[in-house]
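Listed here are the chains, written in short residue letters.
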Amino acid sequence: MGVAAFDEMNGLDGASGDRRGCYRQYGDWYDAEDTRRLRSKVREARSVFRTTGITFNTYEDENQSSSTERLIPFDIVPRILTSGEWADVAKGLEQRVSAINDFLFDVYHDAEIVKAGVVPETLVFGNQGYLPQMAGFSPPGNVYTHIVGVDLVRTDEDEFYVLEDNARTPSGVSYMLENRETMQRMFPELFADLNIEPVRNYPSRLRASLESCMAADPQRATPNNNDTTIALLTPGVHNSAYYEHTFLASKLGAALVEAHDLRIAGSRLTMRTTGGYAPIDVLYRRVDDDFLDPLTFRPDSMLGVAGLFDIYRAGNLTIANAPGTGLADDKALYSYMPEIIKFYSGTEPLLKNVHTWRCSEPDSLAYVLDHLDELVVKQVNGSGGYGMLVGPAASKRDLARFRRKLIAKSSEYVAQPTLALSTVPIFKQSELVPRHVDLRPFVLTSPNGVDIVPGGLTRVALKKGSLVVNSSQGGGTKDTWVLADD
Amino acid sequence: MMLGRTAGGLFWMFRYLERSDSLVRMINAALNMALIPTTDTEVVWRSVLTTTGQEALFVDRHESFEPIEVVNFLLREPAHNQSLRAMIEQARNNGREMRTAITRETWEAMNDCWLMVDDVLSDKVTMREVPEVIRLMTRQSALVYGAQQATMMRDNTNSFCRLGKSIERALSTARLLDVKNFVLLSSASDVGSPTDSLQWETLLRSVSAYDSYMRLHKGKVSAASIVDFLVLDDRMPRSLAYSTARIVDALGYLDRRHEEQIDANKLATEMFDVVDEATVDSIMDFGLHQFLSRFIADTGRVANQIEKDFRFYE
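As given, the protein sequences belong to chains A and B, one line each in that order. Going by the numbering used here, 174 is the number at position 66 of the first sequence; the sequence numbering is gapless. Going by the numbering used here, 56 is the number at position 53 of the second sequence; the sequence numbering is gapless.
Okay, chain A solo, but in the shape it has when bound:
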């Protein structure tokens, strides 16, 4: 493809020997390393991941009944950001996620933003992600977006774009933590020499954040955070992110529950323990809205708990993220994000949005069809890199197939220019070769504000020139270092 990309280690021209400041110390260390030792470290990392059982499941058939466990490829070269770069990114994330939370509160209450004509009515109320059952209801602490994973890409020294917002049930944070632990185990000397911001307290920050979103319990005089019961709801052991569910539940001190462990008893959601049914205060759900309550959402769902939504609406439970939050992930709404941020914060957005053509609009559709081989086309409700077209890398057949899809169901698609994503080297055989990366920081929201652990998950496309970083599509991960100020 040959897009000229900004390399985060070597700068724009990619010539080594003249590394960017934040990589200088690491580079010196790397130069002094024996590549044979590094190769053995690669094997060591793989065996650590295998023993630890850090796997994700890929589905072999459509109804997801059988799956195999696979390792996510891990690369030993860290992705390094300076404290200044991170501070700017963090400010932008805080602004954006606060606006998303305000937006959700607004559309489920007075919908001022629709009345003001900033966002079209149909895009909100006609949206698959919009839950009419949430209308008029205020979740505990008015928090919808307890945890958001924002996908960022970098195109230049100081240009970061938001590629998409994952407010529904973002995953990947366990890899951020495990990658760091693995790097520390393998290269302790680097952590002694460089001043790297820690990420290990993410679980306790998440717990604190969730506790402060607890519903006020009328049966309890003063809510005491020490005995807040948090349960993490998983679809079960066959889910692709099951490892992460177990990991987070352990670190949060939460019970890892499946729907059949749960039951409504009186006015509370409870779980079946060895001593009877015990009430739950906060449900950190890792299932989609549709699978929460078959009475309210999907009668055919085996994964939900009948009556759960009534308990929620009665104010006796916190659900994180709040039902109906998935609306914010919609890729057509994404294109309005700069206006949404301006509407609620009164300031200009700090992080850039990628220009987006909404194929529902005839002019845009015409442009997209004309430039299909230059653009990235996405489904408005898609995720995980499925059902996506990367124009410059696509075959003639794929282009023709997408052309037909776009004409038939134009409102289901948006298109964006193909960005020259930055690269970070990976260690391949015995040398460093540049590969495209993205970054997913994890943003926590509570009534006390927004909290972000410095760093995030760096995903890397392992194939030369590829721009698709999703693990389901053969992507790998890296540890992400934010350097602290000296």
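It should be emphasised that the hints constitute simulated quantities derived from the structure, not laboratory data. Check each hint, because a few of them may be wrong.
Chain B regions said to be covered by chain A (calculated; three or more residues, Cβ under 8 Å) [to be verified]: (1) 35-42; (2) 97-107; (3) 257-265.
Chain A is nowhere near these chain B residues, computed Cβ spacing over 12 Å in every case [to be verified]: (4) G7; (5) R64; (6) S67; (7) K127; (8) I137; (9) S211; (10) R238.
Beta carbons: idealized from backbone N, C-alpha and C, even for Gly.
Add chain B to chain A, keeping to what the hints say.
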């Protein structure tokens, strides 16, 4: 309070682990026996199949009791959900599902055990490879138990692990003894004959207690002292007395931490009392087979009651 489903998952994880561990010991003892020239190897292997309750399934699929066929059947036959491979996979999958309840060390040891088993048993093993498989397996399960003992809190969670292990161990020793007594004794040689003491020796090796027994009983092998050792001696970690004491311990602990009545505790205490009050003479008078059958049935009842009392299933 932990989830009922989690308690059940751990209980079964340790039952499968212990059951596979017992199986490995039995295979090892059978191999040793088969080395003795006078041994009828068919009898030896048939008795292992009987003890594990898999004789019918084996006969269904095999023409003869060719040792390597039996060994492969026990270790890895795909259609056989009580094979070593299947049981370790089940134990490991339970560990994965209940990952939040066990320590990282325990999980990693269990996962390693599975990765190793999956690797060495991916193809049929040859007779020459069997001792190595047994050695690896014995070590890997010891590593899981070691990690459990060294790192897990002595709390409800650990009690369910211990319960699973002790219930399975009690059943395993009782079945071994019963097969020896009933099947072998009634068919072949007289008590006290050279073949018979060889059989008893195998039995002792199957529970890894040959050396301890010999030291304790000064090298004299008799049916009475073996019964005393495997049923009544509470210093012997695979005896019925030891296992029932551990079951009562664990259930007593759980009973004190649960508000509702734990019926399994009552049943287990009754079972413990029967063993505790028994003597070699009283057992022989009652009939060893009758005694063991009753013990096995009682243990099954305790296990069922545990599942109910602690809400393993909906």
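To see whether the hints hold, each was checked on the structure:
Residue count for the stretch 35-42 of chain B with a Cβ under 8 Å from a Cβ of chain A: 0. That is fewer than the three needed, and the coverage hint is violated. Given a C-beta distance limit of less than 8 Å, the hint that chain A covers the stretch 97-107 of chain B holds, as 5 residues qualify and 3 suffice. Only residues whose beta carbon comes within less than 8 Å of a beta carbon in chain A count, and the stretch 257-265 of chain B has 5; three or more means the coverage holds. The beta carbon of G7/B sits about 5 Å from the closest Cβ of chain A, which is not more than 12 Å, so the claim that it is off the interface is violated.
Every C-beta of chain A lies more than 12 Å from that of R64/B, the closest at about 25 Å, which supports listing it as non-interface. Its beta-carbon lying about 36 Å from the closest one in chain A, S67/B satisfies the requirement of being farther than 12 Å from that chain. Once the 12 Å rule is applied to beta carbons, K127/B is consistent with being away from chain A; the minimum gap is 23 Å. Even its closest Cβ contact with chain A, about 22 Å, leaves I137/B beyond 12 Å, as expected for a residue assigned away from the interface.
Against chain A, the non-interface label of S211/B holds: every CB pair exceeds 12 Å, the least being about 27 Å. With a least beta-carbon separation of about 31 Å from chain A, R238/B lies farther than 12 Å from that chain, consistent with its non-interface assignment.
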